[in-house]
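J.: One-letter residues, chain by chain:
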Amino acid sequence: MTERLDDVDPAVLLDGAAAPVPSSLHERFVARADDEGLLDVAYTTIDTRIGPLLLAASPRGLLRVAFALEGFDAVVAELADSVSPRVLRAPGRLDTAARQVDGYLDGTVATFDLPLDLRLARGFRRDVLEHLRTIPYGRTESYTVAARGAGRPAAVRAAASACSHNPIPLVIPCHRVVRSDGSVGDYRGGTALKRDLLEMESAA
Amino acid sequence: MTAARATSARRGSRPPFEQVVEEHGPTVMRVCRAILDPADAEDAWIDTFVSAMRAYPELQPDSNVRGWLVTIAHNRAVDVLRAARRRPVPTERVPDQHLTTPQVTDSDGRDELRAALDALAPKQRTAVVYRHLGDLPYPEIARAMGTSEAAARRNVSDGIARLRTRLRKDRP
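In the order they appear, the protein sequences are chains A and B.
If you're matching positions, the first sequence starts at 17 in the working numbering and goes up one per residue.
If you're matching positions, the second sequence starts at 392 in the working numbering and goes up one per residue.
No wet-lab data here; the hints were simulated from the structure.
Please note: incorrect hints may appear among the correct ones.
[Stated by the list, open to error] Residues from chain B that keep clear of chain A, each with C-beta distances beyond 12 Å, as calculated:
| hint | residue |
| --- | --- |
| 1 | Glu413 |
| 2 | Pro417 |
| 3 | Val419 |
| 4 | Thr439 |
| 5 | Ala443 |
| 6 | Asn466 |
| 7 | Arg473 |
| 8 | Arg477 |
| 9 | Lys514 |
| 10 | Leu524 |
| 11 | Pro528 |
| 12 | Tyr529 |
| 13 | Thr538 |
| 14 | Ala542 |
[Said to hold, decoys possible] Simulated coverage check for chain B against chain A, where a stretch passes if three residues somewhere in it have a Cβ under 8 Å from a Cβ of chain A:
| hint | stretch |
| --- | --- |
| 15 | 426-438 |
| 16 | 455-463 |
[Claimed, not checked] Stretch by stretch, here's where chain B covers chain A in the computed footprint (C-beta under 8 Å, at least three residues):
| hint | stretch |
| --- | --- |
| 17 | 69-77 |
| 18 | 97-106 |
All C-beta atoms, glycine included, are put in the ideal place defined by N, C-alpha and C.
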């Protein structure tokens, strides 16, 4: 099993010394980093009935919900660029968010009760997100109405763009904004998913 | 991940720290385990990544991250070792027991290796750890240790020679 030390070149022995990092050690490290205020962005991935989702939060609140088709690695790299490179996989901070998102998708949760960190949206886009949060479960409105609700009635295209760049989809219900002609419109998670969510909410 | 990494590199930005831990965690563990017993090595591993994470946003984007972490880990491990030597010896230990002799015996000979490394002159041990555990190139070892490149090479080769002798001698 073990080679005799004196048969082995010490340089080879040093180079070959495997040192795996147990997951419990990673957890202890994450807890320390969090205690010392270094965990600027915590993220995790969860499996849901609509597939895997990535959730990310700052100490202030939920920053990002991402769909698999966005590419999780790219999303995490973006968070490192736009928020802070101090990013760790740290599921603990996202326990409540994960439970509520899962419950929403399973039809047991209608409203989210979570602190949100909206820093990834600025200016008018942020106003649109604030407005979207007021659209109740099971209701929809047009992009025109959403633009008016966000305080700039003429900025319909900008409102639509704010919806399609919503950093916290599902929790901020941009899927409840649809085209005036009745078609569902763009969605970060794909139009099929948007239709699915609207059907789920209208059936409830 | 490849595309995201390429993008990070191109823009000169820093990859998410999770990626640093994932890539270099085992190397840092090798450094800690070469100098400390398993329990202390785990603590030193955590300390290393905590202090690295603190400094990470200020790290130059083109830095050799692995080399940076190895030097932090080595310094941390040596500090732990020094602190342990100053600590009163617990009663259950034989008073003159060498601190790095095995308490729990690893099956892979790591304890013998650790004891042999510990017996090296500090400069030799540092150079050997940087070269063979951290895989640092000689110019970087020289810079980290404040010596010439020739001295770095000599410290490594002398250290390896002494390790070899010592490991032979320790054969039961």
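J.: Just double-check Lys514 of chain B for me: nearest Cβ-Cβ distance to chain A has to come out over 12 Å.
T.: At roughly 17 Å from the nearest Cβ of chain A, Lys514 of chain B sits farther out than 12 Å, so the non-interface label holds.
J.: Over 12 Å to the closest beta carbon of chain A is the bar; see if Tyr529 of chain B clears it.
T.: holds (14 Å)
J.: Taking the shortest Cβ-to-Cβ distance between Ala542 of chain B and chain A, state whether it exceeds 12 Å.
T.: holds (19 Å)
J.: Decide, holds or violated, for the assertion that all CB atoms of chain A are farther than 12 Å from the CB of Glu413 of chain B.
T.: violated (9 Å)
J.: Pro528 of chain B: least C-beta distance to chain A exceeds 12 Å?
T.: With a cut-off of 12 Å, Pro528 of chain B remains clear of chain A, as the shortest Cβ separation is near 15 Å.
J.: Against chain A, does Thr439 of chain B hold up as non-interface, every C-beta pair farther apart than 12 Å?
T.: violated (9 Å)
J.: At 12 Å, judged by beta carbons, does Arg477 of chain B keep clear of chain A as stated?
T.: holds (24 Å)
J.: With a cut-off of 8 Å between beta carbons, are at least three residues of the stretch 455-463 of chain B near chain A?
T.: Per the Cβ count (0), the hint is violated.
J.: When you look at the beta carbon of Val419 of chain B, is every beta carbon of chain A farther off than 12 Å?
T.: The claim is violated: Val419 of chain B sits with its nearest Cβ about 8 Å from chain A, within 12 Å.
J.: Report holds or violated for chain B covering the stretch 97-106 of chain A, Cβ cut-off 8 Å, minimum 3 residues.
T.: holds (count 7)
J.: Do three or more residues from the stretch 69-77 of chain A put their C-beta atoms closer than 8 Å to C-beta atoms of chain B?
T.: violated (count 0)
J.: Please confirm whether Ala443 of chain B is truly not at the interface, meaning its C-beta sits more than 12 Å away from all C-beta atoms of chain A.
T.: violated (10 Å)
The structure shown violates the earlier hints numbered 1, 2, 3, 4, 5, 10, 16, 17.
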